[in-house]
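Listed below are the residues making up each chain.
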Amino acid sequence: MHFDSFAAFIDMGGYGFYVWTSFIVTFVGIYTLFIEQKWRKKQLKLAVVKENDRIQRIKKAKEKASQANSDE
Amino acid sequence: MWKWLHPYAKTEETYALCGRLYPWFLWPAIALLAVGTVWGLAFAPADYQQGDSFRIIYIHVPGAMLSMGLYAGMAILGFIGLVWQIRTCYMGIAAIAPVGAMMTFIALFTGAVWGKPMWGTWWVWDARLTSELILLFLYLGVIALYGAFDDKIQAGKAVAVMSLVGVINLPIIHYSVYWWNTLHQGATISKFDNPSISSDMLWPLLLNILGFGLVAGALACRRLQNEILTREMRRPWAQTLLLSNETGAK
Amino acid sequence: MTVFWSVFRRDWLLAFRQNAEFLQPVLFCLLVVTMFPLGIGPSPATLQKVGPGIIWVAALLSSLLALEKLFKQDFLDGSLEQLVLTPGSLPMLALAKVLVHWLVSTLPLLILSPVLALFLNLTWDMYWALLCTLVLGTPLMSLIGAIAVALTAGLNKGGTLLGLLLLPVYIPLLIFATSAVESASLGIPFTGQLAIIGAMLLFAIALTPYAVAYAIKVSQN
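Chains as they are written, first to last, in my numbering: chain A, 1 to 72; chain B, 73 to 322; chain C, 323 to 543.
Only chain A is shown next, with the shape it has when bound in the complex (with noise of 0.2 Å):
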């Protein structure tokens, strides 16, 4: 370990502010593109169901009419 201690890990030689901040933005810059594509993934499954949904009303309107036409 080239710290003596932890408070020394934390202060970098007086460099800490630039070391961490650069440290922190990065890892926390590449987890944001994985959470995304979670987030994109998750919209993904809920527009096919919406749609999904959408065509069977479609579907079910269409029946209604047409069984409305058959009873005149």
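Hints listed in this document are in silico derivations from the structure and should not be mistaken for laboratory results.
Any given hint could turn out to be false.
[Claimed, not checked] Straight-line distance between alpha carbons at most 20 Å, and here's what the computed EDC-like set of lysine to aspartate or glutamate pairs gives: (1) Lys391/C with Asp222/B; (2) Lys45/A with Glu84/B; (3) Lys38/A with Glu304/B; (4) Lys224/B with Asp396/C; (5) Lys394/C with Asp222/B; (6) Lys539/C with Glu343/C; (7) Lys41/A with Glu84/B; (8) Lys41/A with Asp272/B; (9) Lys42/A with Glu304/B; (10) Lys188/B with Asp11/A.
Since the structure of chain A is provided, determine the placement of chains B and C on it from the hints.
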């Protein structure tokens, strides 16, 4: 000779391939980054001139290398897609571009944060920094271009052409340090010389470079999968996949 | 008042549906600012001297690009006409659209302004003055620009015509804004210039909605 690639022109095959590759990218990446980062932050000796701030190199250099490598990857995909008319290549370009842009941003940001204590300034119009900034603009241009088209097939061809046009920038960044006398230090790792960095500082760097590369691969796989699903949303195979709540090849 | 907010909400949602297209003018501004050091040399002293002017000119030019989208889409699909027919005062509805436009296209510029100032080597005092002038001046740009955009909404050749109409009108704003930042660089207070820009802004908020409403009606014929 390339027959083994042919099935991957079909999006369903490529989706499955990405699904299989993803864990092979992700877990080694996490392991390598964990080891490399901890080694670099805590165990590597401090630099004689720069003290502990040099540890930013363990993020900065991988980010910069990936930013250029991913653009080269986009250009190669663009070339293959245009010449052999393979649509999954275009989707690959769209998948890689945001990852490349993030890597470029990381390189620029960590470079600026490193430069402040070292050179006294966040930014200077040095040839290498400027070329990296231009690379960021190129990535953003590709992302904007792909998003601007409603017809994604047309969009794919457009970004393929854009990637090839922009790839000229890459040699300029790499050789700019030799061509101009600038503030930025010379290349640390070269294929032809011994690295000018001591080996106990070098190993974490190599681990992190590989780790970043694998992370980019994992992200690209995931993004390509989602791009394929977006485009093929109405196909039966995609619908079954999305609706089935599968947790396996997630 | 609820009509105001429903128009606001509609435009707000529409802006975000376009793949972050609203960020493109800001990126254009960043690119223009980047071009200058490459063109005039990286000498920090020179950049600091011309920096405020460059940033303001880049902001004005990129606002022209952003303004083009203000009424175009609505004109093309007929919702502008529907807006004219909506009960509720047209000036207020126009103000709602301009407000969304300002939030969506200028806030990114304000967020990006530290980077622009960094690229052109401005000092903190100069940056503070720049930020004040941007906060006061950009709504002014959107409001006055909206008049010209509404007038030219129906034309096919928006683009450069809009520039020809608006840039002369923007010149006083440019002069006062850059003068404020220059005063800041010399250490002199710049509240005078800010006050004039602020007065122009208040004037614009009070009067331009009526002009924009009239211009929309003109473009409908």
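For each hint, the structure was consulted:
1. Lys391/C with Asp222/B: 18 Å, holds
2. Lys45/A with Glu84/B: 17 Å, holds
3. Lys38/A with Glu304/B: 18 Å, holds
4. Lys224/B with Asp396/C: 24 Å, violated
5. Lys394/C with Asp222/B: Holds. Lys394/C to Asp222/B sits at ~18 Å (cutoff 20 Å).
6. Lys539/C with Glu343/C: 28 Å, violated
7. Lys41/A with Glu84/B: Judged against 20 Å, a Cα distance of about 16 Å means the pair holds.
8. Lys41/A with Asp272/B: 42 Å, violated
9. Lys42/A with Glu304/B: 15 Å, holds
10. Lys188/B with Asp11/A: Satisfied, since the Cα-Cα distance of roughly 17 Å is no more than 20 Å.
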